[in-house]
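Participant: The residues making up each chain are set out below.
Number of protein chains: 2
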Amino acid sequence: MGFKTDIEIAREANKKPIQEIGAKLGIPTEHLLPYGHDKAKVSADFIKSLDGKDDGKLILVTAINPTPAGEGKTTTTVGLGDGLNRIGKKAAICIREASLGPNFGMKGGAAGGGYAQVVPMEDMNLHFTGDFHAITSAHNLLAAMIDNHIYWGNELEIDERRVTWRRVLDMNDRALRDTVTSLGGVANGFPRQTGFDITVASEVMAILCLAKDLKDLETRLGDMIVAYRRDRSPVYCRDLKADGAMTVLLKDAMQPNLVQTLENNPAFVHGGPFANIAHGCNSVAATTTALKLADYVVTEAGFGADLGAEKFLNIKCRKAGLSPSAVVVVATVRAMKMNGGVARADLNEENVEAVQAGCPNLGRHIENVKSFGVPVVVAINHFVSDTDAEVEAVREYVASMGAEAILCQHWAKGSEGTVELATRVAEIADADVANFAPLYPDKMRLFDKIDTIAKRIYRADEVLADKKIRDQLRDWEEAGYGNLPICMAKTQYSFSTDPNLRGAPVGHSVPIREVRLSAGAGFVVVICGQIMTMPGLPRRPASETIRLSDDGLTEGLF
Amino acid sequence: MGFKTDIEIAREANKKPIQEIGAKLGIPTEHLLPYGHDKAKVSADFIKSLDGKDDGKLILVTAINPTPAGEGKTTTTVGLGDGLNRIGKKAAICIREASLGPNFGMKGGAAGGGYAQVVPMEDMNLHFTGDFHAITSAHNLLAAMIDNHIYWGNELEIDERRVTWRRVLDMNDRALRDTVTSLGGVANGFPRQTGFDITVASEVMAILCLAKDLKDLETRLGDMIVAYRRDRSPVYCRDLKADGAMTVLLKDAMQPNLVQTLENNPAFVHGGPFANIAHGCNSVAATTTALKLADYVVTEAGFGADLGAEKFLNIKCRKAGLSPSAVVVVATVRAMKMNGGVARADLNEENVEAVQAGCPNLGRHIENVKSFGVPVVVAINHFVSDTDAEVEAVREYVASMGAEAILCQHWAKGSEGTVELATRVAEIADADVANFAPLYPDKMRLFDKIDTIAKRIYRADEVLADKKIRDQLRDWEEAGYGNLPICMAKTQYSFSTDPNLRGAPVGHSVPIREVRLSAGAGFVVVICGQIMTMPGLPRRPASETIRLSDDGLTEGLF
Numbered sequence: 001m002g003f004k005t006d007i008e009i010a011r012e013a014n015k016k017p018i019q020e021i022g023a024k025l026g027i028p029t030e031h032l033l034p035y036g037h038d039k040a041k042v043s044a045d046f047i048k049s050l051d052g053k054d055d056g057k058l059i060l061v062t063a064i065n066p067t068p069a070g071e072g073k074t075t076t077t078v079g080l081g082d083g084l085n086r087i088g089k090k091a092a093i094c095i096r097e098a099s100l101g102p103n104f105g106m107k108g109g110a111a112g113g114g115y116a117q118v119v120p121m122e123d124m125n126l127h128f129t130g131d132f133h134a135i136t137s138a139h140n141l142l143a144a145m146i147d148n149h150i151y152w153g154n155e156l157e158i159d160e161r162r163v164t165w166r167r168v169l170d171m172n173d174r175a176l177r178d179t180v181t182s183l184g185g186v187a188n189g190f191p192r193q194t195g196f197d198i199t200v201a202s203e204v205m206a207i208l209c210l211a212k213d214l215k216d217l218e219t220r221l222g223d224m225i226v227a228y229r230r231d232r233s234p235v236y237c238r239d240l241k242a243d244g245a246m247t248v249l250l251k252d253a254m255q256p257n258l259v260q261t262l263e264n265n266p267a268f269v270h271g272g273p274f275a276n277i278a279h280g281c282n283s284v285a286a287t288t289t290a291l292k293l294a295d296y297v298v299t300e301a302g303f304g305a306d307l308g309a310e311k312f313l314n315i316k317c318r319k320a321g322l323s324p325s326a327v328v329v330v331a332t333v334r335a336m337k338m339n340g341g342v343a344r345a346d347l348n349e350e351n352v353e354a355v356q357a358g359c360p361n362l363g364r365h366i367e368n369v370k371s372f373g374v375p376v377v378v379a380i381n382h383f384v385s386d387t388d389a390e391v392e393a394v395r396e397y398v399a400s401m402g403a404e405a406i407l408c409q410h411w412a413k414g415s416e417g418t419v420e421l422a423t424r425v426a427e428i429a430d431a432d433v434a435n436f437a438p439l440y441p442d443k444m445r446l447f448d449k450i451d452t453i454a455k456r457i458y459r460a461d462e463v464l465a466d467k468k469i470r471d472q473l474r475d476w477e478e479a480g481y482g483n484l485p486i487c488m489a490k491t492q493y494s495f496s497t498d499p500n501l502r503g504a505p506v507g508h509s510v511p512i513r514e515v516r517l518s519a520g521a522g523f524v525v526v527i528c529g530q531i532m533t534m535p536g537l538p539r540r541p542a543s544e545t546i547r548l549s550d551d552g553l554t555e556g557l558f
Numbered sequence: 001m002g003f004k005t006d007i008e009i010a011r012e013a014n015k016k017p018i019q020e021i022g023a024k025l026g027i028p029t030e031h032l033l034p035y036g037h038d039k040a041k042v043s044a045d046f047i048k049s050l051d052g053k054d055d056g057k058l059i060l061v062t063a064i065n066p067t068p069a070g071e072g073k074t075t076t077t078v079g080l081g082d083g084l085n086r087i088g089k090k091a092a093i094c095i096r097e098a099s100l101g102p103n104f105g106m107k108g109g110a111a112g113g114g115y116a117q118v119v120p121m122e123d124m125n126l127h128f129t130g131d132f133h134a135i136t137s138a139h140n141l142l143a144a145m146i147d148n149h150i151y152w153g154n155e156l157e158i159d160e161r162r163v164t165w166r167r168v169l170d171m172n173d174r175a176l177r178d179t180v181t182s183l184g185g186v187a188n189g190f191p192r193q194t195g196f197d198i199t200v201a202s203e204v205m206a207i208l209c210l211a212k213d214l215k216d217l218e219t220r221l222g223d224m225i226v227a228y229r230r231d232r233s234p235v236y237c238r239d240l241k242a243d244g245a246m247t248v249l250l251k252d253a254m255q256p257n258l259v260q261t262l263e264n265n266p267a268f269v270h271g272g273p274f275a276n277i278a279h280g281c282n283s284v285a286a287t288t289t290a291l292k293l294a295d296y297v298v299t300e301a302g303f304g305a306d307l308g309a310e311k312f313l314n315i316k317c318r319k320a321g322l323s324p325s326a327v328v329v330v331a332t333v334r335a336m337k338m339n340g341g342v343a344r345a346d347l348n349e350e351n352v353e354a355v356q357a358g359c360p361n362l363g364r365h366i367e368n369v370k371s372f373g374v375p376v377v378v379a380i381n382h383f384v385s386d387t388d389a390e391v392e393a394v395r396e397y398v399a400s401m402g403a404e405a406i407l408c409q410h411w412a413k414g415s416e417g418t419v420e421l422a423t424r425v426a427e428i429a430d431a432d433v434a435n436f437a438p439l440y441p442d443k444m445r446l447f448d449k450i451d452t453i454a455k456r457i458y459r460a461d462e463v464l465a466d467k468k469i470r471d472q473l474r475d476w477e478e479a480g481y482g483n484l485p486i487c488m489a490k491t492q493y494s495f496s497t498d499p500n501l502r503g504a505p506v507g508h509s510v511p512i513r514e515v516r517l518s519a520g521a522g523f524v525v526v527i528c529g530q531i532m533t534m535p536g537l538p539r540r541p542a543s544e545t546i547r548l549s550d551d552g553l554t555e556g557l558f
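Residue numbers (the UniProt record's numbering), protein chains in the order written: chain A, 1 to 558; chain B, 1 to 558.
Please keep in mind that the hints were generated in silico from the structure rather than gathered at the bench.
Warning: the hint list may mix true and false statements.
As the list claims (entries may be wrong) - One side of the interface only, derived from the structure: several residues of chain B facing chain A at Cβ under 8 Å:
(1) Leu126
(2) Leu169
(3) Leu214
(4) Lys251
(5) Ile469
(6) Ile546
(7) Leu548
(8) Ser549
Claimed, not checked - Where chain A lies over chain B, by a calculated footprint (3+ residues, C-beta under 8 Å):
(9) 29–40
(10) 138–148
(11) 529–539
All C-beta atoms in this analysis are idealised placements derived from N, C-alpha and C, irrespective of residue type, glycine included.
Chain A with its partners taken away, still in its complex shape (with noise of 0.2 Å):
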């Protein structure tokens, strides 16, 4: 008897009418903008109405730095949810929208995994709502204003080597990481080099999930730095007069959607923007909708605790007014044993010497989780190949952290195998014992910031930052940009900038390469090694083989 894939699994499911899953919710029909039968996103109207309604507790998922081995926080997260509703509680998920480019280099994926899915899988792996498209358009009529203002005269004195806004395709494309553009003679306007990223790592992604409302988005879209004069002064998306339309653009997609999990319970998968160069949480509109509709969500951010989580907490919870009640930390026996040092091939061996030395890159995470004062519940996600004493070792191991680890078994059983921790991580939050603070005040210096994130969450001994990066970072401070929050992009693969130190490094340091404001999104990017913002496809990419069988299904894209 083999396993079913998660394809098998998503395409089995009891799909109720989103209709139905929306009056769990309490949302009227005519709120219910239908997307196909089985996905619909939330007017704007009924969003609005709900302003003054008490919130629900948040409850965030999150993980231990990532292995190949897989953690499953998304399957967490859709576990945890249709477990919360199976032992009565009223609970919605909210996690992010998958990027369709990258879908056509490796494989696309599940929204979770196993018996713990959202679906329509397949539509969430192609256009779903059209979201990230109408952020696409929204960036590129940006960029096509920019080059028809200097092609018309450029009365706001653009210097043209410092144009910094590029353009955006939702596709896997390296050819277009570094163009000249406007060749062809004076028709086509001046010549100049630039390039292209992909859509998620649009500012106006995180912006559209950072927005409170169309006003905020368009507040924040006016504030976007796209160039700068020969005097160095910023043009703002404001000066170019694109705020408005690219508004009227994003319109649909601020409304969150609403989908189901394999278990009809609710869904919101909203946004998607970068977790390097960007926050990587899914949109405010959806989580603070989910807040006033269910009295629990639970919801996710992306790659590990120290940047997923820290962003959450530092960027997205403090910019929106959010406090969350519970965080989960997802840990997986093997992926200690990969921390512990054993390779890939050998994790479905028993080695429980492995699994407690790999244990403190886990404790460092609920330590790090602790310090924000909110409660830590770990979820030990199941695999066939754990063994019982792997699994006491994870747990005795948490227990000396003063937290508690649960086994879950929802890829296998879906909501039956979280119960537990259903019940405990309701059980905390109703405690209201969580006293969420940031981990730095807005008014801190911005390189404190950073040093602050590096020494407390990372453990690194000290931040390296040459004149010129300190310079800029007071000049930012100088300009009224101080009380940002701070955005690290660095790699997910350690608490270090070097993805290979895995553990729970201590005395590294954190160079910074480059510094680059979001002064609409609202946060200073810090980048720490090579970031990619326009991928490239494989030498044999998943593209070839994609296509539809006879019966209009779906073949090689998961």
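Once you've looked at the hints, dock chain B against the given chain A.
Facilitator: Quick look at chain B alone, frame taken from chain A:
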């Protein structure tokens, strides 16, 4: 008392749920995939279930050569559809989708005008159901796969200088017309000069609009020529193995969109290929579906009858096995006056002589359409400034051409203004007098086909083509493409290739500048004059004034 604008009228529309509109055509709710409450796609499964059903009557609405006075072709298409419903017929209309990009340059437009419109107007001018975004994605996936193939070793031996496949965006962006890509070193590939077209100019768009079903779509996509080798042999999309994934990206877009007229009658709005380098008609999928569901289907073709009707009849009808029962040629008194030499500023003054002087343009279109064996009715689209004497002059002229002209007031009165036209068109269609045949047989030599169109439709004396072009046509014949129809790309403002030559010119020449093979769409494009496939934005683009009002309405778009 002022007139209401199109958008004011559209916003006052008493729209019915799209399920009710679908029910008028017998489409069950489960086969109507909603996009919001007022748009839906008709499921591929349902369309398949219609196989073998009898077809309704097909009526084409075309026009004289466009003038700045405006003819109201779409308005008349909508008005006639509503008129047929008013007199108790089961009628549907089929028109094209709007391109997003141009709306940010000049103001976007309604589908129709006055009291003969299709709604929801705002959505139709923005993302609608995402079809064009899907085409953009599919087109650019192929582009990425070509450069990726070259990057990884170029097994197919593509000549990098002869990659004909460009990229597309649904945006007016002159800076992208002519670009160099893959700069920046080894990791980004091999630099080469290329560029972007607007999405509606993509061969993928033409294919989507000519494909019978998803299988046919995939085959045609595979047939596209994307590059040549050094030995000039073609490289096909199929060689890159991109056709399957492109089909997956287009599977939803292939399903026709259903919306409604202001009078709640069904309207299919699907596809929108360029009317110069492509055939300029809505999709075959929408037209053939509408014909299975309605007794009368009113559709239109781009530009005047010399381009639009010619391509509708010689390309779309030939390829899809369609046979129109009647053709309506739209004319206005004002356009006749402009053809008769009156300046735009003087159009409001009665000038019967000028009307008479301008009528031969209309007369030639009547003759041309009749030469396809299809009965013709002229619809005089009434303007408030028209005098009875002027209208009578058109009527008399048309009668002298052996046809009938009917005054229509749908712009001001909706279907009440087209009762006479609808009654007469239905009579003609029911009389089954049409004996449609394309203008030239498949087997004719390619150059002779061009010559036939130029002499029989444009009434030119000769076609001018240098040896290189004639050789190219001969090469394609030898390669097996000799049976394809011709897709003429010339100015829409004149029968000739000189846009200033109004009326019914004779004795002119048709110089061919370039020929292109659209092997997937299945036609040979013959370019006479400059054809712009990537528009630019004007000095003051509409996007500068487009914004959302405080009550959520889109301002400045219309």
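Participant: Would you settle whether the hint for Leu126 of chain B is holds or violated, based on the nearest Cβ-Cβ distance to chain A being less than 8 Å?
Facilitator: holds (7 Å)
Participant: Can we keep the Ile469 of chain B interface hint, with Cβ of chain A closer than 8 Å?
Facilitator: Violated. Min distance 23 Å.
Participant: Please check whether the segment 29–40 of chain B has three or more residues whose CB lies within less than 8 Å of a CB on chain A.
Facilitator: holds (count 6)
Participant: Could you check if Ser549 of chain B really has its C-beta closer than 8 Å to a C-beta on chain A?
Facilitator: Violated, because the Cβ-Cβ distance from Ser549 of chain B to chain A comes to roughly 10 Å (cut-off 8 Å).
Participant: Does the interface hint hold: is Ile546 of chain B within less than 8 Å of chain A, judged Cβ to Cβ?
Facilitator: Holds, because the Cβ-Cβ distance from Ile546 of chain B to chain A comes to roughly 4 Å (cut-off 8 Å).
Participant: Mind checking the CB of Lys251 of chain B against every CB in chain A and telling me if the closest is under 8 Å?
Facilitator: holds (6 Å)
Participant: Should the interface hint for Leu214 of chain B be scored as holding, given a Cβ-Cβ cut-off of 8 Å against chain A?
Facilitator: Where the cut-off is 8 Å and the nearest Cβ of chain A is about 6 Å from Leu214 of chain B, the hint holds.
Participant: Do at least three Cβ atoms from the segment 529–539 of chain B come closer than 8 Å to Cβ atoms of chain A?
Facilitator: holds (count 3)
Participant: At a threshold of 8 Å, is the proposed contact between Leu548 of chain B and chain A supported by beta-carbon distances?
Facilitator: holds (5 Å)
Participant: Does the segment 138–148 of chain B contain three or more residues whose Cβ lies closer than 8 Å to a Cβ of chain A?
Facilitator: The restraint on the segment 138–148 of chain B holds, since 7 of its residues have a Cβ under 8 Å from chain A and three suffice.
Participant: Go through the hint on Leu169 of chain B and say holds or violated, using the shortest Cβ distance to chain A against 8 Å.
Facilitator: holds (6 Å)
Hint check: violations occur at hints 5 and 8; the rest are consistent with the structure.
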